[in-house]
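Peer 1: These are the residues of each chain, in order.
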Amino acid sequence: MPLGRMALMIVVMAGVTYLIRMLPLVLFRKKITSRYIQSLLYYIPYAVLSAMTFPYIFYATGNLWTALIGTAVALIASICKQSLIIVALLSCIGVLIGGFIF
Amino acid sequence: MKKQKSTDFNKPLTFKFGLKDGLPIGLGYLSVAFAFGVKAVVAGVPWFMALFISMTNLTSAGQLAGLTVITTLGTFLEIAVTQLVINSRYFLMSITLSQKMDDNFSFANRFFYSAFVTDEIFAVASSKKLPINKKYFLGLVILPYVGWSLGTLLGATAGSILPPIITNSLNIALYAMFIAIIVPPSTKQLGVALAVLMSAGISCALYFIPVFSVLKDGIKIVISALITACLMAFLFPIKKEGDSDAVR
Numbered sequence: 001m002p003l004g005r006m007a008l009m010i011v012v013m014a015g016v017t018y019l020i021r022m023l024p025l026v027l028f029r030k031k032i033t034s035r036y037i038q039s040l041l042y043y044i045p046y047a048v049l050s051a052m053t054f055p056y057i058f059y060a061t062g063n064l065w066t067a068l069i070g071t072a073v074a075l076i077a078s079i080c081k082q083s084l085i086i087v088a089l090l091s092c093i094g095v096l097i098g099g100f101i102f
Numbered sequence: 001m002k003k004q005k006s007t008d009f010n011k012p013l014t015f016k017f018g019l020k021d022g023l024p025i026g027l028g029y030l031s032v033a034f035a036f037g038v039k040a041v042v043a044g045v046p047w048f049m050a051l052f053i054s055m056t057n058l059t060s061a062g063q064l065a066g067l068t069v070i071t072t073l074g075t076f077l078e079i080a081v082t083q084l085v086i087n088s089r090y091f092l093m094s095i096t097l098s099q100k101m102d103d104n105f106s107f108a109n110r111f112f113y114s115a116f117v118t119d120e121i122f123a124v125a126s127s128k129k130l131p132i133n134k135k136y137f138l139g140l141v142i143l144p145y146v147g148w149s150l151g152t153l154l155g156a157t158a159g160s161i162l163p164p165i166i167t168n169s170l171n172i173a174l175y176a177m178f179i180a181i182i183v184p185p186s187t188k189q190l191g192v193a194l195a196v197l198m199s200a201g202i203s204c205a206l207y208f209i210p211v212f213s214v215l216k217d218g219i220k221i222v223i224s225a226l227i228t229a230c231l232m233a234f235l236f237p238i239k240k241e242g243d244s245d246a247v248r
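Order-wise, the sequence lines are chains A and B.
Terminal number for the first sequence in my numbering: 102, no gaps in between.
Terminal number for the second sequence in my numbering: 248, no gaps in between.
Worth flagging that the hints you see were computed from the coordinates, not collected in a lab.
Check before you lean on any hint, since a few could be wrong.
[Said to hold, decoys possible] Once the Cα atoms are required to be at most 35 Å apart in a straight line, the calculated DSBU-like pairs of lysine-lysine come out as:
#1 B:Lys-135 <-> A:Lys-31
#2 A:Lys-30 <-> B:Lys-239
#3 B:Lys-128 <-> A:Lys-81
#4 B:Lys-188 <-> A:Lys-81
#5 B:Lys-20 <-> A:Lys-81
#6 B:Lys-39 <-> A:Lys-30
#7 B:Lys-39 <-> B:Lys-20
#8 B:Lys-128 <-> B:Lys-216
#9 A:Lys-81 <-> B:Lys-16
#10 B:Lys-100 <-> A:Lys-31
#11 A:Lys-31 <-> B:Lys-129
#12 B:Lys-135 <-> B:Lys-11
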């Protein structure tokens, strides 16, 4: 692909992605007062993050077993209320150690 | 020294605190972007174009899909539709964030900061009980942006120095962070726990049942989240904003 066309395609890609992010932030300036909508927006983050994590986390490392170890470590560490970076680090270490076994 | 826990959602939101919250995201991005940089160059994209993609898009799944469209000589329409579908989840996230931002975010500010709405930045920002202010949000987005750009640059130029066993283990970091965000409130609120379980269940069903394989992953995530949130908002409505113990 010629570089000029590639650059244009990247610009289109960036433009679409930006519009999706920008429009709601710019359009929804007033506080929403409906209790239902407030509740909806309260649950959306958890629902989105959960749907993004499962089942995709099982395929993140290229090996189901090491991914399962990493997932288990992350679950246990976060039940023990560790900070984000500690949970992430422990999970990586779990996968790394698992990688030597499997 | 007091240990900082992921449950400190009530801390004052300063620029420094934003940087601190952004650090793990930045480190996670560094490794994921590194993988993207390697992949782009292997697929035949020059290193500076790979960097250009990362600096203008700041989205992992979208960039991977975009890379596929570019390297398979796809059309402009194809790349636009792909981004629309995969990144539609940002629309939901931006709606939520629009309600979390304090009144000091001007019209221009909102145009600027919306470029930095990513899964992880959204996750951290939306988990705060206090409204988000500009200083905190700026602090929050700097390191992830730097990490994402720098990671791509390193991956695209320095390439495959790291052994796969290291890069594979780094790939789980961002997912582990998501777990660290959704689990603690799940142990305290039944509604959140059920929302997390239900959304994961629907997401897995859409992923594993063959008939849904026509849907892109981005759409599957949006469907799972919307069904879950619509039902939970009905079954477990939160207390009105302004109540002394309102959940946010």
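Peer 1: Next, verify each hint and record whether it holds.
Peer 2: Hints, one by one, checked against the model:
no., hint, result
1, B:Lys-135 <-> A:Lys-31, "21 Å, holds"
2, A:Lys-30 <-> B:Lys-239, "19 Å, holds"
3, B:Lys-128 <-> A:Lys-81, "16 Å, holds"
4, B:Lys-188 <-> A:Lys-81, "12 Å, holds"
5, B:Lys-20 <-> A:Lys-81, "17 Å, holds"
6, B:Lys-39 <-> A:Lys-30, "42 Å, violated"
7, B:Lys-39 <-> B:Lys-20, "30 Å, holds"
8, B:Lys-128 <-> B:Lys-216, "30 Å, holds"
9, A:Lys-81 <-> B:Lys-16, "22 Å, holds"
10, B:Lys-100 <-> A:Lys-31, "9 Å, holds"
11, A:Lys-31 <-> B:Lys-129, "16 Å, holds"
12, B:Lys-135 <-> B:Lys-11, "14 Å, holds"
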